[in-house]
Amino acid sequence: MSNRSFASRTYRDQGVILRTHKLGEADRIITLLTKQHGQIRAVAKGVRRTSSKFGAVLEPFMVADLQLVSGRSLDIVTQAQMVGPYGRDIAADYTKYTSAAAICETAEKLTDADGESAGAQYGLVIGALSALSRSVHAPELILDSYLLRALATAGWAPSFDQCARCGEPGPHTAFNAPLGGAVCHDCRPPGSASPAPQTMQLLAALLSADWPAADASATGPRREAAGLVASYLQWHLERTLKSLKHVERV
Amino acid sequence: MYEGAVQELIDELGRLPGIGPKSAQRIAFHILDADPADMKRLVDAVTNVKERVKFCSICGNVSEQDTCNICRDPRRDPTAICVVEESKDVIAIERTRSFRGRYHVLGGAINPIGGVGPEQLRIKELLNRLSDKQIEEIIIATDPNLEGEATATYLARMLKAIGIPVSRLASGLPVGGDLEYADEVTLGRAFEGRRILT
Ligand SMILES: [Zn+2]
Ligand SMILES: [Zn+2]
Numbered sequence: 001m002s003n004r005s006f007a008s009r010t011y012r013d014q015g016v017i018l019r020t021h022k023l024g025e026a027d028r029i030i031t032l033l034t035k036q037h038g039q040i041r042a043v044a045k046g047v048r049r050t051s052s053k054f055g056a057v058l059e060p061f062m063v064a065d066l067q068l069v070s071g072r073s074l075d076i077v078t079q080a081q082m083v084g085p086y087g088r089d090i091a092a093d094y095t096k097y098t099s100a101a102a103i104c105e106t107a108e109k110l111t112d113a114d115g116e117s118a119g120a121q122y123g124l125v126i127g128a129l130s131a132l133s134r135s136v137h138a139p140e141l142i143l144d145s146y147l148l149r150a151l152a153t154a155g156w157a158p159s160f161d162q163c164a165r166c167g168e169p170g171p172h173t174a175f176n177a178p179l180g181g182a183v184c185h186d187c188r189p190p191g192s193a194s195p196a197p198q199t200m201q202l203l204a205a206l207l208s209a210d211w212p213a214a215d216a217s218a219t220g221p222r223r224e225a226a227g228l229v230a231s232y233l234q235w236h237l238e239r240t241l242k243s244l245k246h247v248e249r250v
Numbered sequence: 001m002y003e004g005a006v007q008e009l010i011d012e013l014g015r016l017p018g019i020g021p022k023s024a025q026r027i028a029f030h031i032l033d034a035d036p037a038d039m040k041r042l043v044d045a046v047t048n049v050k051e052r053v054k055f056c057s058i059c060g061n062v063s064e065q066d067t068c069n070i071c072r073d074p075r076r077d078p079t080a081i082c083v084v085e086e087s088k089d090v091i092a093i094e095r096t097r098s099f100r101g102r103y104h105v106l107g108g109a110i111n112p113i114g115g116v117g118p119e120q121l122r123i124k125e126l127l128n129r130l131s132d133k134q135i136e137e138i139i140i141a142t143d144p145n146l147e148g149e150a151t152a153t154y155l156a157r158m159l160k161a162i163g164i165p166v167s168r169l170a171s172g173l174p175v176g177g178d179l180e181y182a183d184e185v186t187l188g189r190a191f192e193g194r195r196i197l198t
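Going line by line, the protein sequences match chains A and B. If you use the UniProt record's numbering, the first sequence corresponds to residues 1 to 250, in order. If you use the UniProt record's numbering, the second sequence corresponds to residues 1 to 198, in order.
Derived from the structure by calculation, the hints contain no laboratory data. Values in this document were obtained by computation on a predicted structure and should not be read as measured data. A couple of the hints might just be wrong.
Simulated restraints on C-beta separations [stated by the list, open to error]:
1. B/R52 to A/G155: 50 to 58 Å
2. B/D11 to A/V83: 38 to 46 Å
3. A/P197 to B/K133: 51 to 59 Å
Glycine residues also receive a C-beta, built at the ideal position from the N, C-alpha and C atoms.
Sequences and hints are given; from them, build the entire structure.
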C-alpha cells in the first residue's frame with residue numbers, strides 16, 4: 001500500500017459511467033469519465049449484491065457525485081450519489097440504448113490517453129445522454145451530432161463546407177474521410193463518396209448543433225450522413241467501435 | 001516469472017473470471033502444496049464437466065443429456081417460459097418454487113460495448129420455440145441491472161409484435177444487482193407480483 005494516508009488519497013468528482021465489467025463474486029470495475037480527473041477505472045465493491053446501497057447509481061449512462069480513493073492500478077469508489085439517472089429512460093428504449101452505448105464507447109476511446117480535452121468531452125457526453133433520455137431529438141441525430149462534436153473537440157474537426165484540402169469555398173459534392181470531409185472537384189481523390197447536397201447540409205447542422213435544421217431532415221440524408229460519420233469516426237479512431245454495428249437506426 | 005510449468009499454471013488460472021495475477025499465484029502455490037489425491041479429483045471434475053455436460057438443445061440450460069431435466073419433465077407447465085441470462089439464474093428461480101413452467105437461457109445480456117448484440121444470444125432459438133402454439137406467457141427474468149433491463153426492453157418489443165403476452169418480474173429486486181443474489185423470498189415475491197408488459 002502507498003504510505004500516503006487514506007484521507008490524502010481520497011478525492012471527489014462528478015462522473016458519468018461509460019461502462020462496467022463484472023469483477024470476482026460481487027464487484028464491478030467501472031470506467032468513468034469525470035469532470036476534473038479525466039477517465040478513471042475504479043472498483044465498486046459489492047454492487048452486485050442485494051444489500052448494495054449504490055448499485056443502481058453505478059450503472060452505465062448514469063451521472064453521479066463520487067468519492068474515490070486512488071489506488072495503485074484501480075481506484076475504489078467509496079461513495080456515490082445520483083445526479084443524472086439518464087440510464088433508466090435509455091434502458092427502456094432499445095434505440096436509445098444502442099445509441100448511448102456508441103456514445104460511451106467513443107468517449108472512452110477519445111479520453112483514454114488524452115487528458116487535455118477530457119473536461120470538454122465530459123460536457124458533450126452528459127449533454128448527449130441527457131438529450132437521449134428526455135427524447136429531445138431523434139436518437140440517431142443525437143448520436144451523430146455527438147460523434148462529430150466529440151471528434152472536433154479531440155482536434156479532428158471535419159469540414160462540410162469549404163474544401164478540407166485547399167480551402168476552396170463550398171458547397172462541394174465529394175466527401176473524403178482521410179482528407180477531413182468535403183473536398184472540391186480538383187482535390188477529390190478516387191473513391192471519395194458523393195453525398196446528396198441535403199446530406200452535406202445535415203452534417204454541417206449536426207456539427208454546429210443547428211437543431212432546427214437537423215430535426216427537419218428527411219430519412220434519406222440521415223441514413224447517408226450516418227454512414228459518412230461512421231467512416232470518419234473509424235478513420236480517426238484507427239480501430240473499430242464494437243457498439244457501432246449494433247446501433248439501431250430508424 | 002516462474003519456471004515453465006508453474007508459470008503456465010499461473011497464466012491459465014489468471015484467465016479465469018475474477019482471478020487477478022495475485023490470486024492466480026496464490027492458487028498455483030496452493031496446488032503445488034496440496035495432496036496429490038485432492039488435485040486428482042479437481043482434474044477429474046474439470047475433465048468430466050467438459051466431457052459430459054452440454055447445453056440443453058431446447059432451453060440452453062446446462063444438461064448431461066441432449067435435453068435438460070426441466071424440459072423433459074412432463075409435470076412442468078408447457079404454457080409458460082421464463083427467460084433468464086444464465087443457467088445459475090434457473091437454479092435461483094427453482095429455489096423459490098414459484099414457477100412451474102419451463103426456461104430459456106439466453107447466454108448473457110445485450111451489451112453493445114462488449115460486442116454482444118441480439119444475434120450473439122439465444123434469441124433466435126427462443127423465437128423458434130414460440131411456433132409451438134401452447135405458449136401463453138413469457139416471463140422475462142433478466143438481471144435487475146441496466147443491461148438486463150435493456151435486454152428485457154428488446155425482448156418485450158419483439159414479442160409484442162408476435163402477439164404473445166410478456167411479463168417482467170415485479171420491482172422490489174435490487175436495481176443494479178445480479179438475479180442470483182436475490183434471496184428466495186424477494187425473488188418469489190417478484191415472481192408472484194410480475195407485471196404484464198404487453
Ligand atoms: Zn480543394
Ligand atoms: Zn432444457
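Verification of the supplied hints:
1. B/R52 to A/G155: 50 to 58 Å: Between B/R52 and A/G155, where Cβ atoms are some 56 Å apart, the hint holds.
2. B/D11 to A/V83: 38 to 46 Å: Taking Cβ atoms as reference, B/D11 and A/V83 lie about 42 Å apart, which means the hint holds.
3. A/P197 to B/K133: 51 to 59 Å: holds (53 Å)
Checked against the numbered hints above, the structure violates none of them.
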